[in-house]
Amino acid sequence: MGTVHRPSERERNSERVLAGLVLRDLERADRKGRGEMMRKKRFLCLMTVLVAAFAFAAPRAHAALERVGSVDPANGGYPAWYQDSTGVALDFCKPGNQEELNSGWCVILPADVPSGAVPEVPFTNYSGEHFYWVGTAGNRTNGLLVLALEAAFNSADPAAGEQIVFGRVRISIPSVSAAGDYKVYTPFGDFDFPGLAVGEKLFFTTDIGITCGANFECALNSNIGPFLLPSPVSGGPEVPPIPDLLPGQDPYHDALVAIGAATPYPNNGRKYIADPGRIGPVTGSPLPPFVSAADGQTYDHNRFRIEVNGALLFDEPNFSVAGRVMTDSIPGRVTVNRASYSDQTTPTALRKLDVFATAFPTTQGRIPAAALLPATNPDLGFYPAPCATDPVTGAVTGPPTGTGLVYFQMFRSGSNWWGQTVPSVIPPQVCVQDHNARAASGAVVPAYFLGDVTDEVDLTVANWDPAVDGGTMTVAAASSDQVARPMLTVAGFGAIDPATGQFQVSNLAAPPDKVSVVSARGGVATLDIRTGVGIPVSTTTPVANADAITIPEDTPVSGIDLPANDTLNGLAIPAGATVAITAQGRLGTASITAADNIAYAPNPNVNGTDIVGYTVTVGGFTSNEGYLTVIITPVNDPPVAGNDSTGAPNNRAVTIGVLANDSDPDGAADLANAVIQSLPAAGATLTCNGGAAASIGTVCAGGSVTFTPTVQGTFTFTYKAQDQAGALSANTGTVTVTVNATETIVMTKSQYVGKQNRWVVTGTDSAPAGQTLTLAYTGGTYKVAGSCTGNSTGTVVGSAPVDALGDWAFDAILTSAGVLNPTNTGGNSTGFWCKPPKQIRATSPLGGAATANIIIK
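Residue numbers are given in the numbering used here: position 544 of the sequence shown equals residue 544, and the series is strictly consecutive.
If you are wondering where the hints come from, they were derived from the structure by calculation, not from laboratory data. A couple of the hints might just be wrong.
[Said to hold, decoys possible] List of simulated lysine-lysine pairs, DSS-like, C-alpha gap at most 30 Å:
#1 K857 / K835
#2 K783 / K755
#3 K783 / K838
#4 K755 / K857
#5 K749 / K835
With the hints as constraints, model all of the structure from the sequences given.
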């Protein structure tokens, strides 16, 4: 009997280190699959759930994230940082030097940046996603957990105005191994998935914070937080960040160092919560310990655990986490509410500047493993001058510069602060200072807040009288600047007369509920409208009423008499009225005819409901906007057949999907069958889906035609496409098949990039027929239980479909563990491979094959 080897803790840590590198690559691959789903518009501050089974989540009862920093233009318009309830703040991790990008300290890698190099420039040389914090656990076999506070875009490519920040919890199991009710424990919530079947895919995602608006505060309500940080044991004490971490403080980082896998520090003076390659226990879950139904034991929540029907399926307490610590000053909770001035000469000369702000005690920033400091109370004052700002980004960088600056202490009542000065010149902005703001180290580092200076608008009258001229609204207002007298405008209506201080509009059948007056110096005032009693009656303004018509698809219509049901003072519209289109529809185009009617032409092959806006003018008076509703009923459109070209080896049946490049105005799903119109010449036969021999008029379901040659040469046959309703294409599609004696496969690249765990195998095929090539090793042995008994010959690395031009490619990032990595060392001195594979072979179901040497990079 042999002895059983029990691995030491150091060996187990080394295995976890290598697994961590795999896990990081899995997360990169997971991010690649987000694609359009990540780019589409989603509900404001709501949870998006994509799941193969209905999930029930435990209620969230903890304050996760505390605050969000101000938007930083240098970061591409994202918040500078997010702070959790323990005081730890992590910044928007945009790589600052090439080493930081190359080594993945910010999670993103050179492949994520168009040029592959820093600096990132919004929005040209810019990654489509960045991270404040990310944590992953598990694997793609048993289950993968992805947790993140992520910055991305609603658009397919980085673009201004499309920025989003969201907290993500994603649970995925590619194929459920046991049927039943699944319960998943995570650090930020427990989830139930009842009634899953064997082989079913579980894919559950919550993304909270998408399309929140300019301040990105909705992400504070996500499941993420407090940030999980490395710990020597699950739920234990935090460890210092990199590069402050010392040997002996984190055995899992020590294991990285021991095998030479620690990531080189980028020498930028920044701090990171963990090495990109570390995988190990974490701490920080806000949830209490739980008792497992599987074994009755109590576990802390800093883990990823899956149970099915009360039995343990998978338990993983080790995570890979990433985030860059924000160590600068944490600004207080300060808001400059108003900075306004008054300037007048009568009855006495008076010029003053008032500054109003609100401020609250602030959770101080801290560095991981440091104690949480007491909240800091604000201490406010202001300079009657603009703060210093970055000339490129406009971000505040410090107090005003120059000479003769005077600082004014502000007075406090609760959270309200006020200060005043009598300046000789009104400044365009003020700079409010919080003199008690702190950095993560606890040192006092004042913070500065910019406030625009505006005048004050005194809105005294906002009345509407229905009895005067069909409804008359009167607005009166004045500016506090009686010297410069800036222009005042009633928002949505027009300018106030500077001579009278009033604005008036008649024939207003329905007033707004309130009006706002805006000054050219920035002041704004809003007042509710006061109304008189009565119903407005205008003897001069026509009324446009709604109209509706129904037309078939692709059928224009003219002569629509829209004024026929419109009125003037309760009577029919008189002759001489003119019609104008105010809003075009989205499904067609409206135009005015010579008879002053409307013609409408629907866009080709569309149906649905369209709306066109219009007005009627009589005697110079224009009506309200009326609407024409156009209901376009669907009409079946025949499909269009496209020509096909493919290849085939002699004496082998090839199945051709002839509808693949056909089209149908009603959508690709409407394509149903191919109807044979002519047969190939002698030397080849056709069947439908491998059934009986086809003849002219044979209907091949799904457009699947099997071509079998017995001689070499070029053959053609024709068909018509048929849709679900039975309509045939007006044209015929010609299929050209080139038959070769044999299928020749050429491999142009057979490369493995060890650092990326990436396979790239490409080539050509002389007989493109939609076949898929299988790529497998042709040699190699590896260790099983310490002996060289494992044979990798025939181990499938991947597959590659052949396109219509005969090109094929396999490009994938695979796990670094096991036989799929030809450079796998096994993480120990004895190695994994006894004799690594040197060649890879491509085989085709049509009989072709090719072998090439594996190029290691």
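Check your understanding: K783 and K755: Cα distance at most 30 Å?
Key -> With Cα atoms ~22 Å apart, K783 and K755 stay inside 30 Å; holds.
Practice item. Take a quick look at whether K755 and K857 sit within 30 Å of each other, Cα to Cα. Key: Since the Cα atoms of K755 and K857 sit roughly 8 Å apart, the hinted pair holds (cutoff 30 Å).
Point to revise | Given hint K838 paired with K783 - CA-CA distance at most 30 Å | key: holds, 17 Å
Exercise for review: Verify the proposed pairing of K749 with K835, using a straight-line Cα cut of 30 Å.
Suggested key: Satisfied, since the Cα-Cα distance of roughly 22 Å is no more than 30 Å.
Point to revise | Proposed proximity, K835 with K857 (alpha carbon, max 30 Å) | key: This hinted pair holds, its Cα atoms lying about 18 Å apart.
Checked against the numbered hints listed earlier, the structure breaks none of them; every hint is satisfied.
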